[in-house]
Amino acid sequence: MKKSEVLFAANYRYNFDRDLYVNYAAKKAFSIEFVDDHSEEDLRRGIQESPNGNGWIFYFNVPPSDSIRRQLEQVLESVHR
Amino acid sequence: MPERTVEDRLREEYFDILPDIRRVAWQLETEIMHITLPLKQSLAHYEQLVVKSRVKECESAIKTLRGQQEGNVFDPEKREKYSILDLKDLAGSRVLVFPRNGLIKTVQMLRQYEPFRDWVAEPLSYAGDERGIPMYFGFFPAISSTVCAEFQVVPMLIGLFWEVEHSAMYKPIGWAKGIENDEGMNSCRTEVEISLARFEAEFEKFVEKNSQPPSE
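Heads up: the protein sequence lines correspond to chains H and S, in order.
With the numbering used here applied, the first sequence covers 1 to 81.
With the numbering used here applied, the second sequence covers 1 to 216.
Next comes chain H alone, as it looks inside the complex (with noise of 0.2 angstroms):
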């Protein structure tokens, strides 16, 4: 199965504009530089890693500052509106 077959079997949706594979619902995000770069195994691993309450997980190969992922968020919310 293809890496990002996984992440779209589990309501993962490309978003173009940012190059990052999010489930809104979840609010959690993988950037395309972390799939490339892990296995299959910690795509799985992150999916099911239980929602952080109210605020976003990014997977990122370098965690986003806190000024990025306000950004981030502030704009994946406002695609999900």
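No lab work stands behind these hints: they were computed from the structure.
None of the values given here were measured: they were computed from a predicted structure.
We put the CB at the ideal spot given by N, CA and C, even for glycine.
Hints may contain errors.
Unchecked claim - Here are the simulated EDC-like pairs of lysine to aspartate or glutamate, each with C-alpha atoms no more than 16 angstroms apart in a straight line:
1. H:K2 x S:E183
2. H:K3 x S:E183
3. S:K78 x H:D66
4. S:K63 x H:D66
Said to hold, decoys possible - Cβ pair distances, simulated, as ranges:
5. H:F8 x S:K78: 30 to 36 angstroms
6. S:A142 x H:S65: 39 to 45 angstroms
7. S:P2 x H:N52: 28 to 34 angstroms
On the provided structure of chain H, position chain S as indicated by the hints.
For chain S alone, coordinates are given in the frame of chain H:
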């Protein structure tokens, strides 16, 4: 007064160095035209060699830099870490060659001369040839030691297809944003690239067959 964004800073940097980018682009095109002139003057009636040059546009440069960040977003707290000069294709030339068997000869000719001799090769992958497209990066130190230039030598049919395809797939034009990640579009592009390569290979065979003297 609203705070300046990373994009604002990059726009300022871009327009500061734009005269240098233009000078590098002129130099690149002139050198390539000069070196390939003997080849151009000896082309057969069906052969072509065309040089096209461009200066990377400001918004395209910013989009490329932004696309290199995870999540396609600049970190405003690390604004000093981004620079337009990190891009290797600020000035670029594409040499279009038909048929493609003129490619190697063109590359060899260009690489014999300074400064191209020492430029770094990074073949560009494409479906029509596993060796990829010859692509080189480097500087003209007498003009600018910071503005990097790029040249590619490309089969003409592929190059002309890419002109249309790239402007649709890579330019930030709203609705088509992100189309480069679409599996259906990518699979069509692969088919086109393979078909064009096959056409050229067949054409080369045809020329070879028809240029041999008739047997007694």
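The hints, checked one at a time:
1. H:K2 x S:E183: Measuring from Cα to Cα gives roughly 12 angstroms; hence the hint holds.
2. H:K3 x S:E183: The given pair, whose Cα atoms are some 14 angstroms apart, holds under the 16 angstroms limit.
3. S:K78 x H:D66: Holds. K78 (chain S) to D66 (chain H) sits at ~12 angstroms (cutoff 16 angstroms).
4. S:K63 x H:D66: At roughly 22 angstroms apart (the allowed maximum being 16 angstroms), D66 (chain H) and K63 (chain S) break the hint.
5. H:F8 x S:K78: 30 to 36 angstroms: Hint holds: Cβ distance 33 angstroms, inside 30 to 36 angstroms.
6. S:A142 x H:S65: 39 to 45 angstroms: 40 angstroms, holds
7. S:P2 x H:N52: 28 to 34 angstroms: 31 angstroms, holds
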